[in-house]
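There are 2 protein chains.
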Amino acid sequence: MPISTEEFYSILASRMQASSIREILKIIQSSKVISLAGGMPDPATFPATELKMVTQKVLTENNAQALQYSSTEGLKQLREFLLDYLLPENRKETLENIIICSGSQQGLDLVGKVLLDPGDIVIVELPSYLAALNAFHSYGGETVGIPMDDEGMKMGCLRETLNQLSKDGKKVKFIYTISNFQNPAGVTLSLVRRKELLVIAREFNLFILEDNPYEKIRFEGEAIPSIYSLDEDDRVISLGTFSKILCPGLRMAWIIGNKKIIEKIVIMKQATDLCSPILNQLIVNKYCRNYDLDKNIASNVEIYRQKKDVMLKALNKYFPAEATWTKPEGGFFVFATLPEYIDTDEMFMDSIKAEVAYVSGSPFFANGKGKNTMRLSFCYPSKEDIEEGIRRLGGVIKDRIRK
Amino acid sequence: MPISTEEFYSILASRMQASSIREILKIIQSSKVISLAGGMPDPATFPATELKMVTQKVLTENNAQALQYSSTEGLKQLREFLLDYLLPENRKETLENIIICSGSQQGLDLVGKVLLDPGDIVIVELPSYLAALNAFHSYGGETVGIPMDDEGMKMGCLRETLNQLSKDGKKVKFIYTISNFQNPAGVTLSLVRRKELLVIAREFNLFILEDNPYEKIRFEGEAIPSIYSLDEDDRVISLGTFSKILCPGLRMAWIIGNKKIIEKIVIMKQATDLCSPILNQLIVNKYCRNYDLDKNIASNVEIYRQKKDVMLKALNKYFPAEATWTKPEGGFFVFATLPEYIDTDEMFMDSIKAEVAYVSGSPFFANGKGKNTMRLSFCYPSKEDIEEGIRRLGGVIKDRIRK
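Chains as they are written, first to last, in our numbering: chain B, 1 to 403; chain U, 1 to 403.
In short, the hints are calculated from the structure, not lab data. There are no misleading hints in this set.
Dumping the calculated DSS-like pairs for lysine-lysine here, alpha-carbon to alpha-carbon at most 30 Å:
1. 57/U - 52/B
2. 52/U - 76/B
3. 57/B - 57/U
4. 76/U - 57/B
5. 57/U - 295/B
6. 353/U - 76/B
Based on the provided sequences and hints, a complete structural model is requested.
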């Protein structure tokens with residue numbers, strides 16, 4: 001008689017369900033649907049020829065190393081490159097402050113694993129990155145959302161919420177923020193708020209987890225110092241990734257922060273997967289040493305800027321006057337808000353019939369709100385598909401507008 | 001004021017400590033010490049030229065795919081290859097029974113994550129693979145060890161232990177076994193015991209986690225059917241890896257088993273790292289399709305057989321009569337037992353002074369025993385180093401033999 005599996009799942013595993021984005025992507029793969037759903041980079045931004053050349057070099061010059069086990073912390077030369085690339089010359093950080101990980105999703109997972117007991121609170125933005133919420137939930141972390149405006153998380157609400165949680169005897173471990181061109185809302189945390197966030201984190205004695213995948217994909221305006229760079233207490237853990245500035249297929253990312261936290265993350269990563277693939281680390285390292293990463297990023301930003309412009313123009317043309325949306329200064333996403341009586345989850349199958357897909361907003365909201373919102377990605381589809389996709393979607397929405 | 005980290009760690013993370021193997025390997029890297037410690041394959045066994053060629057092809061023909069995000073389940077073609085390669089023609093398994101993961105360590109981690117609540121019991125062999133114990137402990141699993149003899153886990157003890165655990169109200173989730181050329185003890189579970197294990201697992205309604213990295217590295221004797229292949233209840237989850245038959249640097253492994261468990265593992269892996277690197281999957285798939293994996297394995301087995309012979313000969317020559325050791329029919333390790341009054345942990349620094357390293361046995365024992373045992377690897381060092389390393393180690397041990 002076959003074994004019955006249900007009774008065997010851990011409590012936390014039995015709570016975890018398949019993500020809606022994922023199920024959507026499965027539907028889309030083999031159809032004519034134009035997808036404004038996924039957050040995949042445009043393959044035109046991958047320096048494929050250069051990556052092929054450095055890979056060939058690595059497999060010629062370092063094959064015994066490239067095919068062998070390696071250290072859990074990650075390739076020393078790549079960590080050195082990152083310290084030089086990311087930080088000012090007079091930095092305090094050493095190799096002990098950084099670990100290479102398999103995508104920033106693994107960074108989210110490892111930080112959750114090191115810091116969260118079931119019932120611990122993580123403060124998140126409303127809305128926030130779905131897969132981050134999942135990573136925290138997978139360790140029993142509970143996510144409490146703070147509303148945002150154009151400058152990011154509202155600091156008054158944050159303080160109020162932290163006071164209330166403290167009164168309720170809840171243990172808050174860290175504040176999770178995607179500081180630049182937030183996924184999904186596209187908002188960037190202002191400099192004033194970054195400083196205030198650090199003051200509040202100090203006051204309540206919390207870590208801050210700054211997830212920063214889109215920082216370099218800026219179309220306009222001036223770069224704002226990262227929260228990590230403003231921190232004087234060693235309380236900011238920073239996640240970065242090559243997925244959006246080089247390519248995601250190598251799964252190469254990093255965590256920088258407090259030495260003791262990194263040391264514990266190393267121990268936990270060892271139990272998780274021993275080490276990230278060294279071939280991939282050698283490829284990225286050689287690419288970064290032999291080519292100009294910033295030049296590659298600059299030409300990619302131009303590609304995404306044009307796509308963003310096409311999407312904003314199409315939204316103006318095809319979306320009803322009742323809808324509003326963000327005008328992102330960077331990143332991959334536009335976040336749209338429809339009239340309250342339109343449920344984007346419920347509208348989804350109609351939009352698939354019209355051969356266009358998006359991600360409905362509610363799964364991104366830790367408080368279950370946002371039913372009338374949606375995330376629209378301009379990163380992957382062609383300009384023609386963006387225009388046509390928004391046209392189709394505009395039609396679906398207009399059919400639901402009450403006169 | 002810098003943040004104080006200790007109070008932030010999760011309960012499970014605060015229990016996890018750096019592994020002694022890992023610390024040993026750090027010491028060794030930059031010294032003249034001959035290491036009989038690590039389990040790294042011999043780089044001479046990597047088909048480096050062929051891997052370079054297929055990588056070049058992948059990055060020429062499939063670069064947009066190879067550098068992009070991919071599915072959590074893993075590359076369909078590679079999963080199809082594995083189903084064909086591993087299973088009989090009339091198999092019941094489909095693509096839903098298999099997931100690609102980042103090394104079998106990730107397999108251990110994901111199975112732990114899906115099945116273990118804190119306090120749940122995992123039955124393990126005495127001794128067992130250290131990093132597996134760590135993976136289970138990282139989810140709060142408690143490991144209970146069963147003694148082995150030449151045929152593997154003693155079934156009488158297993159039944160007795162399960163009865164006792166049941167009386168004590170303990171929840172046992174699964175039995176973990178490395179069925180072939182066990183790490184560290186080198187023992188292979190006999191066919192009779194495999195069948196008995198399945199009967200007991202059915203009787204007590206448990207999963208079996210069969211970890212099978214060394215199966216193909218057999219020097220002599222006939223292959224024994226895997227526990228997985230003998231299972232009729234869908235209760236065996238099988239871990240396999242390319243690390244020992246191709247190379248570990250790509251971190252490519254797989255989990256095959258019960259569809260519902262695999263489905264839950266997919267959900268948990270998504271929260272863990274989204275997907276394993278697709279470049280690595282395409283490389284392995286193309287290698288397996290264009291070259292003869294079994295032929296590569298056969299020539300590698302010859303390399304390891306010779307090294308094993310050198311080690312056994314050296315042990316006979318240089319170890320004192322008071323020591324005993326296994327004569328492995330396959331795998332990477334010899335497990336040695338010294339007189340009870342010799343503590344291999346305590347002896348370790350003397351052996352480093354004599355410029356030879358091993359792994360002391362006690363960390364492998366879930367019950368804290370095995371203080372007079374040691375694991376000796378013949379996989380990585382050259383034949384000359386194996387001979388010289390055993391000669392040095394023999395000297396260190398002989399100095400401690402009581403006359």
